[in-house]
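Colleague: Hey, can you work out the whole structure from these sequences and the hints?
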Amino acid sequence: MDIRVQSESFDMGAELNSFTARVEGAGAVVSFSGLVRDVAQGDLDRMQIEHYPGMTEKALTAIAQDAITRWSLADAFILHRFGDLRAGDPIMMVCTAARHRADAFAAAEFLMDYLKSRAPFWKKEITGQSAEWVEAKSEDEDALKRW
Amino acid sequence: MLELRYFAWLRERIGTGQEQIDTKAETVAELIEEIKALSEAHAFAFSDLTAIRAAVDQELVEFDTPLTQAREVAFFPPMTGG
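Residue numbers (this note's numbering), protein chains in the order written: chain U, 1 to 147; chain P, 1001 to 1082.
FYI, nobody ran anything at the bench for these hints, they're computed from the structure.
Errors might be hidden in some of the hints.
To be verified - Straight-line distance between alpha carbons at most 25 Å, and here's what the computed SDA-like set of lysine to any residue pairs gives:
hint, chain 1, residue 1, chain 2, residue 2
1, U, K58, P, A1051
2, U, K145, P, A1041
3, P, K1024, P, E1072
4, U, K124, P, R1005
5, U, K58, P, R1011
6, P, K1036, U, E50
7, U, K124, P, Q1069
8, U, K137, P, Q1069
9, U, K145, U, S117
10, U, K124, P, E1012
11, U, K124, P, W1009
12, U, K58, P, Q1069
13, U, K145, P, D1064
14, U, K145, P, P1077
15, U, K58, P, T1016
16, U, K145, P, E1072
17, U, K124, P, A1054
18, U, K124, P, A1051
19, U, K124, P, A1041
20, U, K58, P, P1078
21, U, K137, P, Q1058
22, U, K145, P, T1050
As the list claims (entries may be wrong) - Taking beta-carbon pairs under 7 Å as the criterion, some of the chain U residues facing chain P (in silico):
hint, residue
23, G34
24, R46
25, E50
26, Y52
27, G54
28, K116
29, A119
30, P120
31, F121
32, I126
33, V134
34, A136
The beta-carbon is built from N, C-alpha and C at its ideal position, and this holds for glycine as well.
Modeller: Quick look at the structure:
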């Protein structure tokens, strides 16, 4: 398992290659990368991501461990950024490796659902006119119920 | 002394991300009442508890959680990662 919380940008291709090279005994690797979306008006200046150092790493480790146990994963990787990001920048990435693709896909979705509302990150969108904290969506909380 | 941490708009409304409190509160809910009494900014920040989550020693908890042995309690809005 590899958990990384960093302000620096990352190369998703290089991360996926390095994850795949480390994995042993898997027949399927799934990766997901999230990018900063522009706001509706299309004038996002930047997105600030705040986090709770210490708790973030603990929460991500617990979520990844849960996924590894539940889907018998060969390995899992979570990378999440904090700090100032711009539209189009990569925010986060998850990779899962399993014997079969169904487990790798399900585990990747589980990781995404959980880290959206159980890992201590908060996003703020700053445009030319305003600075607003992104509100949690009830769909995100509901998404946890399917697991 | 208990270490308090605030994040996101809670931190902005209170004006600091970290402070200490000398408390006899036995639960998170009792602690919140003591924090609200600290200043108008604190009371305003904690006016809608449905919009606030808590962590005791970096574990997400419910408000009725006892504070036995707690060293650090954090308050923040629902998380928006991913």
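Colleague: Now look at each hint and say whether the structure bears it out.
Modeller: Evaluated hints:
no., hint, in the structure
1, K58(U) to A1051(P), "holds, 23 Å"
2, K145(U) to A1041(P), "violated, 36 Å"
3, K1024(P) to E1072(P), "holds, 14 Å"
4, K124(U) to R1005(P), "holds, 19 Å"
5, K58(U) to R1011(P), "holds, 22 Å"
6, K1036(P) to E50(U), "holds, 24 Å"
7, K124(U) to Q1069(P), "violated, 34 Å"
8, K137(U) to Q1069(P), "violated, 34 Å"
9, K145(U) to S117(U), "holds, 12 Å"
10, K124(U) to E1012(P), "holds, 12 Å"
11, K124(U) to W1009(P), "holds, 9 Å"
12, K58(U) to Q1069(P), "holds, 19 Å"
13, K145(U) to D1064(P), "holds, 23 Å"
14, K145(U) to P1077(P), "holds, 20 Å"
15, K58(U) to T1016(P), "holds, 24 Å"
16, K145(U) to E1072(P), "violated, 29 Å"
17, K124(U) to A1054(P), "holds, 20 Å"
18, K124(U) to A1051(P), "holds, 16 Å"
19, K124(U) to A1041(P), "holds, 21 Å"
20, K58(U) to P1078(P), "holds, 17 Å"
21, K137(U) to Q1058(P), "holds, 23 Å"
22, K145(U) to T1050(P), "holds, 19 Å"
23, G34, "holds, 6 Å"
24, R46, "violated, 16 Å"
25, E50, "holds, 6 Å"
26, Y52, "holds, 6 Å"
27, G54, "holds, 6 Å"
28, K116, "holds, 4 Å"
29, A119, "holds, 5 Å"
30, P120, "holds, 6 Å"
31, F121, "holds, 3 Å"
32, I126, "violated, 13 Å"
33, V134, "holds, 5 Å"
34, A136, "holds, 4 Å"
Checked against the numbered hints listed earlier, the structure breaks hints 2, 7, 8, 16, 24, 32; every other hint is satisfied.
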